Amino acid sequence: MAQAVVTAGPGELAHGGDPEHYTNTGVSNAKLAIWLFLSSEALFFGAFISTYFLYRGRDAQYLNKGVQNPLTPDRLFNIPFTSITSFVLLMSSLTMVLALAAIQRGDHRRLRIWLLATALFGLTFVGGQVFEFTEFYRHGLHLSTNMFGTTFYVLTGLHGAHVTMGIIWLLILWGRSMGDRLPTEKHEAVEIAGLYWHFVDIVWIFIFTAVYLIPQH
Amino acid sequence: MTDTETSTDLERLDRVGEIATAGEHQIEEMAHAHPGPRQYVLIAIVLCTLTGFEIAVSYLDTRHTNIVIFVLATMAALKFFLVCAWYMHMKMDLAFFRRLFVMGMLLATAVYGILLLFMSSTVLKR
Amino acid sequence: MTTVEDAHALVKAPPLRTRLTQRPRTTTGPFSWITTVDHKKIAIMYGALALFFFLVGGIEALFIRLQLAQPNGTILSAARYNEFFTMHGTTMVFLMGMPLAAAFGNYLVPLMIGARDVAFPRLNMLGFWIFAFGGIFIYSSFGLGGAPNGGWFGYAPLTSTPMSAGLLPGRGVDFWCVGLIMLGIGSVATSVNFLVTILNMRAPGMTMMRMPVFVWMMLVIAFLTLFAMPPVTAALIMVFMDRNFHTNFFNAAAGGDPLVYQNLFWIFGHPEVYILILPGMGIVSEILPVFSRKPLFGYSIVVFSGIAIGFLGWGVWAHHMFASGLGPIAVSAFGLSTMLIAIPTGVKIFNWLGTVWGGAVRLRTPMLFALGFIAQFTIGGLSGVMHSIVPSDTQQTDTYFVVAHFHYVLFGGLVFAIFGGFYYWWPKFFGKMLNEQMGKLNFWLLVIGFNLTFFPMHFLGFEGQPRRTYTYPSGMGWDTMNLLATIGAFIIALGVLVFLVNVIFTARRGEPAPADPWDARTLEWSIPSPPPEYNFATVPIVTHLDDYWHRKYTEDDEGRLVKLPAGAAIDTDAATEAAVDPHSIHMPSPSYWPLVFAMALPIIGYGFVFKNWYLLALGVVWGFFGLNGWAYEPATEPDAGEGH
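Protein chains in written order, with the numbering used here: chain R, 1 to 217; chain F, 218 to 343; chain V, 344 to 987.
Think of the hints as simulated: they come from the structure by calculation, not from any bench.
Note that the structure is a prediction, hence the values are computed from the model and not measured.
Careful, some of the hints might be misleading.
As the list claims (entries may be wrong) - Label pairs and their in silico Cβ distance ranges:
1) Gly179(R) x Pro875(V): 37 to 43 angstroms
2) Met309(F) x Asn971(V): 30 to 36 angstroms
3) Asn78(R) x Val964(V): 34 to 40 angstroms
4) Leu679(V) x Thr326(F): 19 to 25 angstroms
5) Gly157(R) x Gly509(V): 26 to 32 angstroms
6) Gly157(R) x Asn971(V): 24 to 30 angstroms
7) Thr266(F) x Ile168(R): 52 to 58 angstroms
What the hints assert, rightly or not - Chain F residues, not near chain V, derived (Cβ > 10 angstroms throughout):
8) Asp278
9) Asn283
10) Ile286
11) Val288
12) Cys301
13) Ala302
14) Met309
Beta carbons: idealized from backbone N, C-alpha and C, even for Gly.
Using the sequences and the hints given, assemble the complete structure.
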């Protein structure tokens, strides 16, 4: 079966009204695919979050033992700062879904505004992460310093990489819209990017709670 | 669908009717009002409130860390549910989809949960 | 109206379409194999390359057996031996077993569900190229500083200690980590493809409970792969980072625990063995009914058992770690869950026996292999149950008993099923019957060779011979059985040689095959051998499980089979073929982009392994270029479908 390049607008069958593009589940191939991929990614982040949890607090008995000013989360974290960047990422989910709503009703100007807003919020978040990393690095926390350094940088770094890829994806969509190459019929392309973006936001919801907010006793 | 021994024209039509039914369902789905920008903003406000609450709780200086952890975890789960159900449209999607997703979530949670449980209670205590 | 054409009217043509970047159009000839998106061609490429790696892995095994034929062997040094057993395992699991499942799945799933191709044909091709490049990448290590040598399971901290510490010579482990991550990406992509295809593209009337068991097994393993790859990817990243960036994941001095690695690896590793075996079980479930002229006994039970195995498989992983000091509660729980999983497995065996029992059995080569599977897999399953008993396993673990167990299920099971599948479906794939006499010789050589090689290993294990040791002293009482095992290995090699001769002989002078040489039951037999590019002239409307059988036969009042007139068969009739103009069927168009994008991965891989950041950057840019070209290209060109 040829993969449907174009999806229908509202009021038509999701597969374009062509019985050749009928799907047994009623969900388009592309949408089903991205959900499946995201579930795989969920297990990927789950592994790193679990590892973070398993190794939490180990430094006290190992590499931080006897150290004068140990590099621990509660000494390094700037919760107000990270709260702000977390808010920004959270709001980017709103702008993302507004972008989708815009293209679904054919409002391409709004689509571009919201897409750009989402990308910019994402960029702000990543910028905040970069700043945070450089601050910690300045204080002496490296990948190899202790267990916190290892698990923190790798977990949040991988997340940041995923956000970055999402930003690039969004900017490409924005660029296509600017070049008149993202018609209303292709709203599913925005929906799929949106699903990825929301997923990346959800992962941060968990990381923010688990890594930053849970008390470090 | 039960298996029958002989195929008749009527049955063939029935099977073809499957397409029509699924198609109708899809038309229905598309015709349903998606949540509008209003609802999305409302959800956003709830998300912000929850996050604010979380941050406040995290600042509490208390011995009852388990309760704090429980509250934080619940908040996170709620936020996850809101984003998934409304922003990712899962609430409005087909039940089959939701069930598939829930099964996957349960499996993943169970696997990592078991891992955390027995590793932290035995191995890593050494 | 096709919405593809409408879209093209709205979408501006992408810029820079020079002659060089023009889309390939040919679907015949040698060059078409590089750009094809046809699931059948892709399947053949998977199969051919997987067979090649099977031979490579087999040669590695022969060297291992030569080294162990006698005590104090001198064929391989200790360092070389480590490379050989690591690569043997890695090759057989990742470059033979999984790709062969992809091969059979790719060819058969669309046919068995009445579809014209998979959901994402270019993604399908990408899966193949990633497999090819990943395999070449890992093997290139032999000439670039040493092959992987930490075992196919790569336990930390042996593998995670930086190269400078000198524990394991060479950068083989880096190749291993990066290579497996690469292969994992391909596997996940292929799994998504199969899942969407099976869930979304079944022919009208093909409900889930009318799908052939083989399709069900592919569905289950696609889910397993999707969920199992991420934990091992995480573990491999951790090992790679410990080695190269001095992270502390498995650094004991920092509080790192090697068991974290073992857990993450086996959370993948156990579902992985089900990923390997379930397609084999699917193949056997297809062969037995045809050669017993009876429907599969208890179809729904077999399906649900497969699903149960898929689920329960997630709850047994720590049985690979019984001797690692997990504590009594954990080992008891996992011991119990492991015993439980024997139940659905056993149920399947009884259903297979029930299928054959009372049937009009034809002992043709595919049937022989399927029966061999049942016997040998059962033996392997029994030794597996022995492993589930924790105190018993504490003695068995790390001995040759384990080697015997998993070779019985994977070779005596999976590989036999694969050979059965080759003999069964060869006529469909290539339009020729494999020679039956050579097939029988092939089978018997494999049975004798396989059992001679691996049965003694049960005893060697009980006599205390440890795994993964490059030699053993004389006087342990191990000499005779090791020699027997080596002889058996060469008999296996002979059997495989007979298969290769059969393949070549058949290509030259094989008997042409009709559409349905075996009088079979499933849809793939209702179309010509080999099938046309578009598979079905008219998409079938399905009304039964084993739909094709029901088009051919019905039963009279006494339950005897009555052949229906020829017009009941679909698509084998020349008239039906002629009635539909093949040019009106639009198939997905060939494409360069999967190959172009796939090339980026080994470049990135070498960049990581050699810490060459320019190479890495080049690979990333190349990847973007490939992805971009892919995204702008429609799946099917508007003028496609003409001139196949």
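Cross-check of the supplied hints:
no., hint, in the structure
1, Gly179(R) x Pro875(V): 37 to 43 angstroms, "holds, 40 angstroms"
2, Met309(F) x Asn971(V): 30 to 36 angstroms, "holds, 32 angstroms"
3, Asn78(R) x Val964(V): 34 to 40 angstroms, "holds, 35 angstroms"
4, Leu679(V) x Thr326(F): 19 to 25 angstroms, "holds, 21 angstroms"
5, Gly157(R) x Gly509(V): 26 to 32 angstroms, "holds, 29 angstroms"
6, Gly157(R) x Asn971(V): 24 to 30 angstroms, "holds, 25 angstroms"
7, Thr266(F) x Ile168(R): 52 to 58 angstroms, "violated, 32 angstroms"
8, Asp278, "holds, 27 angstroms"
9, Asn283, "holds, 22 angstroms"
10, Ile286, "holds, 21 angstroms"
11, Val288, "holds, 28 angstroms"
12, Cys301, "holds, 18 angstroms"
13, Ala302, "holds, 22 angstroms"
14, Met309, "holds, 19 angstroms"
In terms of the numbered hints stated before, the structure departs from hint 7 and from no other.
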